[in-house]
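*Asks:* Residues per chain, in single letters:
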Amino acid sequence: MSQTPTAAPVATADRPGVIDARPVRHPGRWVALLVILVLIAMMISSFMTNERWGFGDALTIMNQTPVLEGLWKGTIVGTVGAMVIGVFGGVLIAVLRLSENPVLRFVSFVYTWFFRGIPRLVLLAMIGSGVGYLYNKIDFGFPFGQQFASFLGLSSDFTFFTLNVNQFSSTLLAGIIGLGLSEAAYMAEIARAGILSVDTGQNEAAAALGMSRGKAMRRIVLPQAMRVIVPPTGNETIAMVKDTSLLSAIPVITELFYQTSAIGNRTLLIMPAFVAVSAWYLIVGSVLMVGQYFLERRFGRGFGTGAPNRRFMRPAAAGGA
Amino acid sequence: MSETNPAASTVSSGHSRNGANVPLVRAVNVLKSFHGVEVLKGIDLDVHRGEVVCLLGPSGSGKTTFLRCINQLESIDGGRIWVDGDLMGFRDEQGQLHHLTDKEVATQRREIGMVFQRFNLFPHMTALENVAEAPVQVKGMKKKQARARAVELLEQVGLGDKPTSYPGQLSGGQQQRVAIARALAMDPKLMLFDEPTSALDPELVGEVLRVMRDLAKAGMTMIVVTHEMSFAREVADHVVFMDGGVVVEQGKPKDVIGNPQHERTQSFLRRMRSDEQQEQQSETEAVDPAAPASS
Numbered sequence: 359m360s361q362t363p364t365a366a367p368v369a370t371a372d373r374p375g376v377i378d379a380r381p382v383r384h385p386g387r388w389v390a391l392l393v394i395l396v397l398i399a400m401m402i403s404s405f406m407t408n409e410r411w412g413f414g415d416a417l418t419i420m421n422q423t424p425v426l427e428g429l430w431k432g433t434i435v436g437t438v439g440a441m442v443i444g445v446f447g448g449v450l451i452a453v454l455r456l457s458e459n460p461v462l463r464f465v466s467f468v469y470t471w472f473f474r475g476i477p478r479l480v481l482l483a484m485i486g487s488g489v490g491y492l493y494n495k496i497d498f499g500f501p502f503g504q505q506f507a508s509f510l511g512l513s514s515d516f517t518f519f520t521l522n523v524n525q526f527s528s529t530l531l532a533g534i535i536g537l538g539l540s541e542a543a544y545m546a547e548i549a550r551a552g553i554l555s556v557d558t559g560q561n562e563a564a565a566a567l568g569m570s571r572g573k574a575m576r577r578i579v580l581p582q583a584m585r586v587i588v589p590p591t592g593n594e595t596i597a598m599v600k601d602t603s604l605l606s607a608i609p610v611i612t613e614l615f616y617q618t619s620a621i622g623n624r625t626l627l628i629m630p631a632f633v634a635v636s637a638w639y640l641i642v643g644s645v646l647m648v649g650q651y652f653l654e655r656r657f658g659r660g661f662g663t664g665a666p667n668r669r670f671m672r673p674a675a676a677g678g679a
Numbered sequence: 007m008s009e010t011n012p013a014a015s016t017v018s019s020g021h022s023r024n025g026a027n028v029p030l031v032r033a034v035n036v037l038k039s040f041h042g043v044e045v046l047k048g049i050d051l052d053v054h055r056g057e058v059v060c061l062l063g064p065s066g067s068g069k070t071t072f073l074r075c076i077n078q079l080e081s082i083d084g085g086r087i088w089v090d091g092d093l094m095g096f097r098d099e100q101g102q103l104h105h106l107t108d109k110e111v112a113t114q115r116r117e118i119g120m121v122f123q124r125f126n127l128f129p130h131m132t133a134l135e136n137v138a139e140a141p142v143q144v145k146g147m148k149k150k151q152a153r154a155r156a157v158e159l160l161e162q163v164g165l166g167d168k169p170t171s172y173p174g175q176l177s178g179g180q181q182q183r184v185a186i187a188r189a190l191a192m193d194p195k196l197m198l199f200d201e202p203t204s205a206l207d208p209e210l211v212g213e214v215l216r217v218m219r220d221l222a223k224a225g226m227t228m229i230v231v232t233h234e235m236s237f238a239r240e241v242a243d244h245v246v247f248m249d250g251g252v253v254v255e256q257g258k259p260k261d262v263i264g265n266p267q268h269e270r271t272q273s274f275l276r277r278m279r280s281d282e283q284q285e286q287q288s289e290t291e292a293v294d295p296a297a298p299a300s301s
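Protein chains in written order, with this note's numbering: chain A, 359 to 679; chain B, 7 to 301.
Hints may be right or wrong, so weigh each one.
Stated by the list, open to error - Listed next, the stretches of chain B that the computed footprint assigns to chain A, with coverage defined by at least 3 CB atoms under 8 Å from CB atoms of chain A:
1) 60 to 68
2) 129 to 140
3) 186 to 196
For the record, the hints were derived by calculation from the structure and aren't laboratory data.
Beta carbons are placed, not taken as given, at the ideal position from N, Cα and C, and that holds for glycine.
Excised from the complex, chain A in its bound form (with noise of 0.2 Å):
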């Protein structure tokens, strides 16, 4: 050990040099490939020559204005309002879950058990035209204002704002809500696992350093979790585009599934609808997915051993000791 290495090693018989070996040779391999490719040639084959397919007419259906406007109003605008709800909605009841009130913690249980345990078809079915059916009409105002306002023989009930249940429960805002209230259970879960994935040390460091309860969980406990959060978070999102063919239960009508298979109905392309819905659900999956990459690698910093920062890097001399 105690030699000074020379520039170039130069091999001798009894002083092995550079290794060059053979690789492990993996027939296996190449037979997969041939089985693979024949398999693939033939779904081309059949895709060319079985006319059922109608992929013109996919893309035909895939480009109608009521299908387009099913993607960005039901199908982008509800997974991306319904995730928004679901996301804030669960971290804040996995904060919920984690506090030290009793009663926050009671509460924050019972949400989840309830919107968990309720299929989300019976619940926008439920959204949709029993709310309305029970309340005509929700008053915003101080509790039980309109009985003490009859009672007392006041003008005013102290009534701010009226909704009307009727009209709102079947509109595209009321589904999003419905989808957003059940996902913020399953994102409960998520968020409570990635908090509690985080080392107490960084709770305690953030404490010793004065720092509240609230602000060490949003600035030190948070951006950590969220390395664990946002992988499962992804896949949860992806489930949300697909279960927006759900607001049809509402029902609202402006939803991809609903109008690319109204088509299909009315002009007996049924198979050409299917492949113009399933086209459009994985482009947006992929979209997604390349979406979900980068906010690994922003959550993902100083983690690992990723390269140092290259927005901020500067020729530091090495070594800091």
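Since the structure of chain A is provided, determine the placement of chain B on it from the hints.
*Replies:* For chain B alone, kept in the frame of chain A given last:
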């Protein structure tokens, strides 16, 4: 590290509220148990301004627990702790104690810096952001000002060239020095060190101790839980030997370490000494043959 240490101004500007004679930290009969097991059985300790106190003792003796009680990372079951005249964790209203709110506890902690055995740096922030975080978030300092001060503190701990590194890109010794800078950024009047070098590779211990030595020289009041006997001997004004949740012996380092009276202190120090000698021996053996080749 020169005598014109930025920390020096920090310490001198933190003038006392209660005169110089009152100890900065006074602990009286501190009791603490975990699940029925008594960990601290009545600890008394006074730490005066500018003093460096080292807590020594075998593992499980309660020294880390006691340190954590001072800034309320652990709550105490009995006794009282005052820091700069403030009763920690409670408000005394005519003899009746009331628990402080979380916010009041946080305010008390602001003025006590803590350095952990496992550093506990914020891994998602750069070294600079780690140091500037608390002044901005807790004290409401302007971002620019906090960053400038953070740069200064990083230079003070010898890491002026690493502001943009994430903790994961730094060695253990560098991380611990960032952690010290992070604690100093709050301008504490008291620094607590919980075995700051125990998680470090032997060759990295020196750089951390050097920073702590400079800090002590600059007049910072420090309580240090440590196994580094030479550090305690050279730097400490006062050494406390704990075992089994009680203070067995305390006094000047030359008395407690040099001439221990109690049997338990003697046996502990003997064990430490033989470990140190073994380490030194193996180090010289390892270094010697490589010496001519090292550049």
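*Asks:* Does each hint hold? Answer for all of them.
*Replies:* These are the hints, each one checked on the structure:
1. Given as covered by chain A, the stretch 60 to 68 of chain B fails the check, having 0 residues with a CB less than 8 Å from a CB of that chain where 3 are the minimum.
2. For the stretch 129 to 140 of chain B, the stated coverage by chain A holds: 6 residues have a C-beta nearer than 8 Å to a C-beta of that chain, and at least 3 were required.
3. Counting residues of the stretch 186 to 196 of chain B whose C-beta sits closer than 8 Å to any C-beta of chain A gives 3, which meets the bar of three, so the coverage hint holds.
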